[in-house]
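There are 2 protein chains.
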Amino acid sequence: MSWLNEQNEAVSLRIEKIPFATLAQWGYDAAEGRIRHASGKFFSIDGIRVNTNWGTVAEWDQPIINQPEIGYLGFIVKEFDGVLHFLMQAKIEPGNVNYVQLSPTLQATRSNYTQVHKGKKPRYLEYFQQAKPEQILLDQLQSEQGARFLRKRNRNIIIKVEDDIDIYENFVWLTLAQIKELMRHSNLVNMDTRTVISGIPFGQVQSQVIDFFNFLGNGKGRSSVEKAFLKSALSQEGSVHSIENIITFLTQLKSVFDLEVRKVDLKQMREWVYGEESIHHETGKYFKVIAVDVEIGNREVVQWSQPMVEPAQEGLCAFVCKEIDGLLHFAVQAKLECGNHDIIEFAPTVQCLTGNYRQTKEGALPFLEYVLHAPKEQVYFDALQSEEGGRFFREQNRNMIIIAGDEISEELPENYIWMTLNQLYTFLKFNNYLNIQARSLIAAISFV
Amino acid sequence: MSWLNEQNEAVSLRIEKIPFATLAQWGYDAAEGRIRHASGKFFSIDGIRVNTNWGTVAEWDQPIINQPEIGYLGFIVKEFDGVLHFLMQAKIEPGNVNYVQLSPTLQATRSNYTQVHKGKKPRYLEYFQQAKPEQILLDQLQSEQGARFLRKRNRNIIIKVEDDIDIYENFVWLTLAQIKELMRHSNLVNMDTRTVISGIPFGQVQSQVIDFFNFLGNGKGRSSVEKAFLKSALSQEGSVHSIENIITFLTQLKSVFDLEVRKVDLKQMREWVYGEESIHHETGKYFKVIAVDVEIGNREVVQWSQPMVEPAQEGLCAFVCKEIDGLLHFAVQAKLECGNHDIIEFAPTVQCLTGNYRQTKEGALPFLEYVLHAPKEQVYFDALQSEEGGRFFREQNRNMIIIAGDEISEELPENYIWMTLNQLYTFLKFNNYLNIQARSLIAAISFV
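Here the protein sequences line up with chains A and F, keeping their order.
Position 236 of the first sequence, counting from 1, maps to 242 under the working numbering, and the rest follow consecutively.
Position 81 of the second sequence, counting from 1, maps to 87 under the working numbering, and the rest follow consecutively.
Warning: the hint list may mix true and false statements.
Same chains, same names: a pair is fine if it fits in one copy or spans any two.
[Claimed, not checked] Cross-link-like lysine-lysine pairs, in silico, BS3-like; alpha carbons within 25 Å at most:
| hint | residue 1 | residue 2 |
| --- | --- | --- |
| 1 | K435 | K233 |
| 2 | K435 | K260 |
| 3 | K84 | K166 |
| 4 | K166 | K260 |
| 5 | K166 | K138 |
| 6 | K260 | K127 |
None of these hints come from the bench; they were simulated from the model.
Starting from the given sequences, assemble the full structure and let the hints guide the process.
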């Protein structure tokens with residue numbers, strides 16, 4: 007924490023909202039109907055018209071971030087005294103609430119690492135580009151926020167090094183346990199770190215072995231909730247539904263619900279106002295597209311301007327868990343979002359982000375009231391987490407995990423299904439099943 | 007076979023190529039630049055422009071079938087004397103080579119079953135619509151030909167009934183072994199049957215159990231190749247690569263290769279000629295879009311016209327298998343096709359379909375010469391199989407499975423990877439990993 011404070015003090019950030027007209031290199035392209043960079047790289051702000059038979063609104067327009075390139079979110083890990091350590095970067099991003107957040111070793115879009123901006127090559131890039139197959143512990147394509155990004159995905163990758171490695175001054179080695187502990191503080195661990203560590207596999211073990219393991223671990227202070235999470239993560243047996251049942255559940259929803267997304271000119275979007283300083287909804291709801299001028303300084307000062315997305319309010323993402331037949335299960339929501347790669351992804355029990363149009367009537371969002379009023383002893387996790395500060399202007403969402411008792415029935419609403427943590431990890435492995443909000447919450451679960 | 011002959015004699019099919027101008031209900035829509043049905047339903051023939059850094063051709067135009075609706079490919083199964091039987095339909099489709107082919111119980115697009123054509127409700131539809139969760143043995147979304155269909159998927163579903171069920175005269179109960187035996191004859195089992203039965207799960211067993219099982223089965227005449235397939239299907243251990251390694255392999259390819267598909271007007275496609283009777287490539291290669299007038303008669307005669315796709319030549323799909331460390335592995339190709347839902351899917355070792363632009367130089371297609379000249383005793387499977395006769399005019403592809411010896415090295419070309427049958431089944435379960443050509447070949451593998 008004190009190292010992070012030092013890192014924060016060593017940098018300066020000036021960020022200022024500006025009119026779209028004064029953006030350098032960025033501008034509205036009338037032929038394409040979108041805001042893009044002069045190079046055509048990085049990302050663009052597009053307008054889309056969404057048609058769906060999901061939810062209560064059949065058609066709407068909205069701006070969306072279009073970033074078709076697949077970038078790297080990568081960790082270098084190394085063993086010290088038998089414990090795996092992650093090379094973390096204290097990285098400043100213009101939209102961050104806490105200026106500096108703990109980020110992966112490498113966080114780079116293809117435009118970054120092919121150096122469209124003619125800047126420096128990202129640190130440690132060569133380790134990822136030259137990684138041998140046996141060094142790769144994890145390499146997955148995972149989705150980003152489906153309400154804000156159009157089918158965006160990043161490559162979540164972890165590579166292990168054996169040799170010594172030069173450590174630059176804003177980098178630090180942390181264990182997984184330390185990262186998870188730091189996540190309990192608001193806005194210290196960035197979104198990209200959370201998505202990558204959520205994918206770390208645990209393997210599968212028989213129930214008896216887990217019971218024995220927990221028995222041995224008793225003296226070491228593992229609490230009953232951590233034991234329950236561990237058992238749910240490792241056990242292949244005892245789940246309410248089989249993996250095949252869950253695939254059937256998802257197939258049925260994907261077969262019934264349509265999602266059609268067409269491009270529309272940003273200036274032709276219905277119900278949206280393209281103003282001089284923001285693109286916003288007539289009602290002021292959801293989110294705005296803004297333009298910012300940024301100056302980040304350490305020894306040298308870097309200045310640029312760019313469009314960003316600013317939320318209208320804070321959101322909430324929560325998993326409700328419950329022990330069923332001796333095994334902790336998660337109430338997983340199947341959720342359609344307009345930017346999803348494949349119509350529907352698995353989401354937390356409650357996910358109400360600003361920018362999400364699928365709003366039900368006041369109080370009609372399942373589990374929302376329950377989560378907001380859960381007694382303190384049932385709240386396993388509760389912290390504010392930032393969205394990615396390179397695109398989102400000071401956006402934070404409350405992340406919660408609730409361990410429910412008998413007050414929550416085993417009966418779930420139609421588009422919800424109980425899964426063990428082991429099953430969530432299985433779907434996570436096969437990509438594009440779990441959304442980023444679900445993965446961010448899973449990253450918060452600790453077994454020690 | 008004789009029942010099939012009877013079914014063939016009981017129907018009549020007249021199919022005639024006609025000019026596009028005489029299509030009833032179908033026509034070129036100048037505003038949308040495509041050929042579509044008056045209702046806007048069923049499917050359309052669109053023009054696309056493809057940009058990719060995969061292969062040797064960076065940009066091309068082509069027509070493609072656009073059918074965004076997810077339809078049913080469904081089997082009703084029932085146990086008779088302890089053996090599961092599949093309710094097969096002897097179904098005639100206009101493009102079929104052998105008029106009648108063995109098809110799933112239900113084969114229906116959403117336009118069919120919501121009765122856009124105001125025809126009769128498809129037989130047995132209600133069994134699928136009213137299926138209880140415990141009746142569903144399989145329910146998966148699987149892709150269709152990526153070179154011909156734009157991101158088309160169907161719902162592959164198998165439901166089990168306990169009660170007696172009325173059997174219409176062109177339906178018959180067959181066991182899985184019988185279906186697989188009939189597949190060894192050319193063009194008897196249709197594409198839709200093959201894709202659904204490819205997904206039937208086998209579960210996972212430890213190696214020792216399989217050896218014991220094979221030992222017991224010795225007297226029952228299971229041949230050594232069938233034992234090798236069974237072991238490869240059931241064994242979770244001993245594979246050259248782990249599932250995680252294979253996901254890494256795929257992630258790397260998906261991260262490096264781009265696929266951009268834009269709509270272009272059918273009449274504006276470069277190198278394609280929009281003629282009065284066909285849309286064809288200047289060179290005559292690949293495939294043509296044609297219009298046909300169809301009359302199918304049984305007791306009553308049904309007449310309609312529609313566009314179809316006619317191939318320029320026969321294609322070849324082949325898996326090369328090889329025993330590595332005592333376990334049969336398949337040489338699986340990672341292949342980019344323009345209509346793929348997610349850039350790259352796993353394909354057979356050799357897949358050269360007409361209509362596929364990714365042609366390498368003569369003799370440069372890996373394994374092609376080897377497969378064509380494989381000695382007879384190494385050919386496990388060799389039959390012509392039809393593509394779906396509702397869209398494709400007499401299209402058949404040669405399907406082969408070769409058991410290779412030492413002449414094939416364990417070293418594979420860059421975009422190939424060894425997988426066991428168990429691993430192929432695992433990816434099959436999670437949808438959109440195995441392409442339809444790979445699934446069609448897997449359906450041909452028999453364990454008895």
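Here is how each hint holds up against the structure:
no. : hint        : verdict
1   : K435 x K233 : within (23 Å within a copy, 31 Å between copies)
2   : K435 x K260 : both (20 Å within a copy, 15 Å between copies)
3   : K84 x K166  : within (6 Å within a copy, 52 Å between copies)
4   : K166 x K260 : between (38 Å within a copy, 22 Å between copies)
5   : K166 x K138 : within (10 Å within a copy, 47 Å between copies)
6   : K260 x K127 : between (41 Å within a copy, 23 Å between copies)
Of the numbered hints stated above, none is contradicted by the structure.
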